[in-house]
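J.: Sequence:
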Amino acid sequence: MLWLDHVAVACTGLETGVTAAENALGVALAPGGEHVAMGTHNRLLSLGAGEYLEVIAINPTAPPPGRPRWFDLDRFAGPPRLASWVCACDDMATALAACPAGVGRPMELARGDLRWQMAVPDDGRLPFDGVFPALIRWDGSAHPAPRLPDHGVRLTGLRLSHPEADALRQTLAALIADPRLVVTQGAPGLSATFSTPQGERRL
Numbered sequence: 001m002l003w004l005d006h007v008a009v010a011c012t013g014l015e016t017g018v019t020a021a022e023n024a025l026g027v028a029l030a031p032g033g034e035h036v037a038m039g040t041h042n043r044l045l046s047l048g049a050g051e052y053l054e055v056i057a058i059n060p061t062a063p064p065p066g067r068p069r070w071f072d073l074d075r076f077a078g079p080p081r082l083a084s085w086v087c088a089c090d091d092m093a094t095a096l097a098a099c100p101a102g103v104g105r106p107m108e109l110a111r112g113d114l115r116w117q118m119a120v121p122d123d124g125r126l127p128f129d130g131v132f133p134a135l136i137r138w139d140g141s142a143h144p145a146p147r148l149p150d151h152g153v154r155l156t157g158l159r160l161s162h163p164e165a166d167a168l169r170q171t172l173a174a175l176i177a178d179p180r181l182v183v184t185q186g187a188p189g190l191s192a193t194f195s196t197p198q199g200e201r202r203l
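In this text, residue positions in the sequence shown follow the working numbering: the first is 1, and each later residue adds one.
For the record, the hints were derived by calculation from the structure and aren't laboratory data. Treat the hints with caution; some may be incorrect.
[Unchecked claim] Label-pair restraints from in silico Cβ distances: (1) A187 x T19: 35 to 45 Å; (2) T61 x T19: 17 to 27 Å; (3) P31 x T156: 17 to 27 Å; (4) A177 x N23: 26 to 36 Å; (5) L114 x D74: 20 to 30 Å.
Fair warning: this is a prediction, and the values are worked out from it, not measured in the lab. Note that the Cβ used here is the ideal one computed from N, Cα and C, for glycine as well.
Just need the whole structure built from these sequences, with the hints factored in.
T.: See the structure below:
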């Protein structure tokens, strides 16, 4: 029903996050854009096979959106880190009905010729303390990943940690089958492993 679309690195300032990601992965990120409805902006990196990484932060020059921002950015603090992962679906209503309460309400969004629908939680925080994936549905064939320079970086593993690991694992098993996903017991958090031209790297 769901498949991995992209992973998101949150930061308090976009340039700080970009520098951290580029240093960690050894490649340059491409320009992204602004999200007017959320008051955020990003930079992007192709992960091949229709997947990408985004570094996202509050845009200090944008007006406040009048609602909690996605990825719980209003409460984000500390150094840049992997803060969320985003899964795509063909039908948002069906996907939301199969997910835990709190995944969010669909918002229609656009940037240039990109059109998509994203489920955004009312309080900005996804279920399982933010470890559950966000949902996205792209309209039409336009997608960021094929437009990005491909530096040979690939996501090889995504580890989800949560105190209620068994419940999270069972919930995800009914929604997505991806051998790269591993759910472990521990404090809420995410980490990812990538293959790069410089070898294995982690975020």
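J.: Now tell me if each hint is right for this structure.
T.: Status of each hint after checking the structure:
| no. | hint | verdict |
| --- | --- | --- |
| 1 | A187 x T19: 35 to 45 Å | 26 Å, violated |
| 2 | T61 x T19: 17 to 27 Å | 19 Å, holds |
| 3 | P31 x T156: 17 to 27 Å | 26 Å, holds |
| 4 | A177 x N23: 26 to 36 Å | 33 Å, holds |
| 5 | L114 x D74: 20 to 30 Å | 24 Å, holds |
Violated hints amount to a single one, hint 1; each of the other numbered hints is respected by the structure.
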